[in-house]
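Trainee: Taken in order, these protein sequences are the chains called A and B. Numbered per my numbering, the first sequence spans residues 10 to 237. Numbered per my numbering, the second sequence spans residues 35 to 246.
Keep in mind the hints are simulated off the structure, nothing from the lab. Note that the structure is a prediction, hence the values are computed from the model and not measured. A portion of the hints provided could be inaccurate.
[To be verified] For the chain B half of the interface with chain A, some residues (derived, Cβ under 7 angstroms), not all of them:
(1) 47
(2) 135
(3) 137
All residues carry an ideal CB built from backbone N, CA and C; glycine is no exception.
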Amino acid sequence: MTELRLISGAALAEPEPAEAAPPPRLLPGRHGMPADLVRAHQRQRLLEAAAAALAEQGYGRLTAARVTELAHVSSRTFYQHFEDLWACVLAAYEEQAARLCDAIETAYTTERGRGLNRIADQSSTAGAGIAAAIEFLAAEPDVARLLSAEPPPQIAALAAARRELIERLGAMLRKALADRDGATPLPGLERRLIGAALAIVSTRAASGDPQRLRDLEPELTELLLASL
Amino acid sequence: MEGVLLAAGELGYRETSVRSILERSGGHRAQFYKDFAGKEDCFAQAYATWIERLCVGVLEAAATTPGWEGGVRAAITRLFEFVVARPAIARALLVEVQIAGEPALARHEAAVERLAAAIDSARADIDPAEAPPEATGVFVVGGIESCAAEALTAGDAARVWDALPELMHLAAGSYFGKEAAEGSFERASIFLEREREHWAAKAAARETEAGE
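With these hints in hand, go ahead and build the complete structure from the sequences.
Mentor: As structure tokens, this is what we get:
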């Protein structure tokens, strides 16, 4: 799969969930790879290493040195790709946030497709999205920590990216439940629910046991839908 | 020990140095290293003291207010009063703790569990066959905390009050369902309106006093 990603632009943009481990370093010297593919491969390794380093060190101790070490690139290569550590973490965050939202959208579409021959059930659509989100996070524990942990508020762009993710997840929950009988969404409530869900996910993800995240799915589904 | 929380709340934990702690607390570097193994140890010890104080205050507010809903509202109110009165300390306790290392984080989780257990007293009024998920208490506390963290991160602690009705909706809805949630939301909105009128009247009285 790693080789496939090296020669496929689409695969680089949207790596498969199963490919959690950082791809191996390209062999040094002349390997005939086009320079832009080498750069894309390096960048992907750095993004995945950023999530792994964060899971290992936490925001308090995270360093660019550890990210470069895990990505098997030099410090010079790191700064060719990113201005600083936080630019790298932000890029990793945005990429994974987009993948999480895609996973939820795909689950919505599949569930709605299944519902064509029966009465539409918005709760089951929302439930399918929540299940997909939990499975996505449980399959990639480093990504779960990256997306759920509260970043340092001083890193404004990262804090803004987290707020944006909360808004987007809240909007997706609202969309899934739209037109449900008696549903009277309150402006802002979805955001509070997503904030509460991320707090639990963050604690479970920090335990390092993906099963603890998977166990959360039925409870989280019930809690997210109870008051909407 | 307040110095380390002030420094972390004002500068961020990563940017906090022993020097910045001593600038706020007084004392000498040599004494600091006699008392603490380093910044993380100092933060953890200060954290233990202050989170206990905050927890006791919040639980006391809940215990002295009649009814589950009134207790939860009083607890959130006490927390928000602290957030607005001491934003730097609150930011250290609720936001910076996430990056301040395992010892402080363990204290934080213990505090969340304790508050969750208190909120979970709602189960006494629920038929066991319809009991909400086990994680409900932690979910509700997480929602309240993330809301406070959002206001503190934005540098506008006072805006935390805007979320009180939504949080009461979340708390009541998680245990008792949608209808109860809507009632709690309405009552919290009325409560907040009255509180705001009360604060405005107090501010006006202070201005009059200052003018005389």
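Trainee: Please name the hints from earlier in the document that this structure breaks, with their numbers sorted from lowest to highest.
Mentor: 3
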